[in-house]
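Here is what each chain is made of, one letter per residue.
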Amino acid sequence: MAKKVTIKEDFLKGIWKENPILIALLGLCPTLAVTISVENGLAMGLAASFVLICSSTIISLLRNLIPKQVRIASFIVVIATFVTIADRYLAAFYPDISRNLGPFIPLIIVNCMILGRQEAFASKNGVGRSILDALGMGIGFTLVLIILSAIRELLGSGTILGIQVMWPSFTPWMVMILPPGAFLTLGLMIGASNWINDRRAK
Amino acid sequence: MNTSVKMILVLTIIATLSGGLLSFWDAYTSPKIEEYRQSEVKKAVKEVLPPAANYREKVIQTDSYTFYLGYDGDELIGITFNIKGGGFQDIISLMVGVTPDFKQITGLSVLDQKETPGLGTKIAVDPSRKGEETWFTEQFKGKSPFPEMYYVKNKQAGTENEIEAISGATISSQAVVTILNTHIPAAKTAYESLNQ
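Protein chains in written order, with the working numbering: chain E, 1378 to 1579; chain L, -1 to 194.
Rather than coming from a laboratory, the hints here were simulated on the basis of the structure.
Even glycine gets a Cβ: it sits at the ideal position worked out from N, Cα and C.
It cannot be assumed that every hint is accurate.
[Unchecked claim] List time: in silico EDC-like cross-link candidates among lysine to aspartate or glutamate, alpha-carbon distance up to 20 Å:
#: 1; chain 1: L; residue 1: Lys44; chain 2: L; residue 2: Asp99
#: 2; chain 1: L; residue 1: Lys41; chain 2: L; residue 2: Asp61
#: 3; chain 1: L; residue 1: Lys41; chain 2: E; residue 2: Glu1416
#: 4; chain 1: L; residue 1: Lys40; chain 2: E; residue 2: Asp1473
#: 5; chain 1: L; residue 1: Lys44; chain 2: L; residue 2: Glu136
#: 6; chain 1: L; residue 1: Lys101; chain 2: L; residue 2: Glu190
#: 7; chain 1: L; residue 1: Lys139; chain 2: L; residue 2: Asp124
#: 8; chain 1: L; residue 1: Lys112; chain 2: E; residue 2: Glu1416
#: 9; chain 1: L; residue 1: Lys186; chain 2: L; residue 2: Asp124
#: 10; chain 1: L; residue 1: Lys30; chain 2: E; residue 2: Glu1395
#: 11; chain 1: L; residue 1: Lys41; chain 2: L; residue 2: Glu131
#: 12; chain 1: E; residue 1: Lys1385; chain 2: E; residue 2: Glu1395
#: 13; chain 1: L; residue 1: Lys82; chain 2: L; residue 2: Asp61
#: 14; chain 1: L; residue 1: Lys112; chain 2: E; residue 2: Asp1473
#: 15; chain 1: L; residue 1: Lys40; chain 2: L; residue 2: Asp110
[Unchecked claim] Computed footprint of chain E on chain L, listed as stretches where at least three residues anywhere in the stretch have a Cβ under 8 Å from a Cβ of chain E:
#: 16; stretch: 14 to 23
#: 17; stretch: 29 to 37
#: 18; stretch: 111 to 121
#: 19; stretch: 139 to 148
All chains should be modelled from the sequences, with the hints used to inform the complete structure.
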């Protein structure tokens, strides 16, 4: 029974309780930069999740072989390998998305969320738990990116996934697809999640 | 085992495996990436040349430009080349087509740009003008690059050297004009020296 709770906990904590963006505030650079459309947000979320899950699997398998002194270097090599795979894959099969995301796919290498999970979880726990942890964190990251980019695309372009949803005379709020829009929206989302957590705690 | 030896061994193995995996992956994806790049260039070349019934193409590579010569049957209808220059925050890459004497622009297409979303990106696509989203590049058709092009703001472009700037994105509009002014004369010189 006790074990079951941990398994559920490993998976669920990334989605809300330890959400990488809303609570841990990790990986904010791609979060702020690419979320001007849902397509971009979704692609970034999935690419980062792919890298996170693969890296966590490998690192937790190798955790007893890697000497402590070179662990960060090893993490970075493993992460960089999967980032390059994801980057080339997008460039070959989804060239438009790859062009939209520009340098932010290669920059997943320095996403603190991924390195953070290796250091805090995968290097200390078994493969099964590490994969669950990575899955939860990846889903949590992707969900926040989708919500954030949906708000920005809706108000900034009047569309969702490129389909017009606002009334035709709607004037797009230009600021939403510029950097200030990202800060404003993310700030409000973090505020809302804190407010919900506060209410729950009472 | 000695820690230093173990450190070197582990890092070497990880890096070797990573390198091997990536070279395999690169061999698989790079033909596809190259194919896409070629098809983009091909599409842009056709877009900026006048329509031709019997289209065929000849490529001439020089030190500074790659010229794509468009023929309709045996008649040379236009010369296309890729030019680049600084935009508002990054390089703008354009494909421009000119008549064989370089006196008129036959078309302009934006290959790559990273201008401000919603403002400078209108040089490529302007979603606010339904049905004529590419009006900015479209207006270069038939304009003359000599002696020099310039832009006007908030009014219709008149003379054959004038184009209308995008309101709110003067710097991006100016960047496109500057790239054309810099490169078309240089390309003309390069092209003419080929035939001598």
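Hints, one by one, checked against the model:
1. L:Lys44 x L:Asp99: holds, 18 Å
2. L:Lys41 x L:Asp61: Roughly 23 Å separates the two Cα atoms, so the pair is violated.
3. L:Lys41 x E:Glu1416: Violated, at about 24 Å.
4. L:Lys40 x E:Asp1473: Holds: Lys40 (chain L) and Asp1473 (chain E) sit about 16 Å apart, inside 20 Å.
5. L:Lys44 x L:Glu136: Judged against 20 Å, a Cα distance of about 14 Å means the pair holds.
6. L:Lys101 x L:Glu190: It holds: about 13 Å lies between the C-alpha atoms, which stays within 20 Å.
7. L:Lys139 x L:Asp124: holds, 17 Å
8. L:Lys112 x E:Glu1416: Judged against 20 Å, a Cα distance of about 17 Å means the pair holds.
9. L:Lys186 x L:Asp124: violated, 31 Å
10. L:Lys30 x E:Glu1395: Distance of about 39 Å is beyond 20 Å: violated.
11. L:Lys41 x L:Glu131: holds, 18 Å
12. E:Lys1385 x E:Glu1395: At roughly 14 Å apart (the allowed maximum being 20 Å), Glu1395 (chain E) and Lys1385 (chain E) satisfy the hint.
13. L:Lys82 x L:Asp61: The hint holds at about 15 Å.
14. L:Lys112 x E:Asp1473: With Cα atoms ~13 Å apart, Lys112 (chain L) and Asp1473 (chain E) stay inside 20 Å; holds.
15. L:Lys40 x L:Asp110: Given that 20 Å is the threshold and the Cα spacing comes to 14 Å, the pair holds.
16. 14 to 23: With 4 residues close enough to chain E, the hint holds.
17. 29 to 37: That given contact holds, which follows from 3 residues of the stretch 29 to 37 of chain L lying within Cβ reach (below 8 Å) of chain E.
18. 111 to 121: holds (count 5)
19. 139 to 148: violated (count 0)
In the structure shown, a violation is registered for the earlier hints numbered 2, 3, 9, 10, 19, in ascending order.
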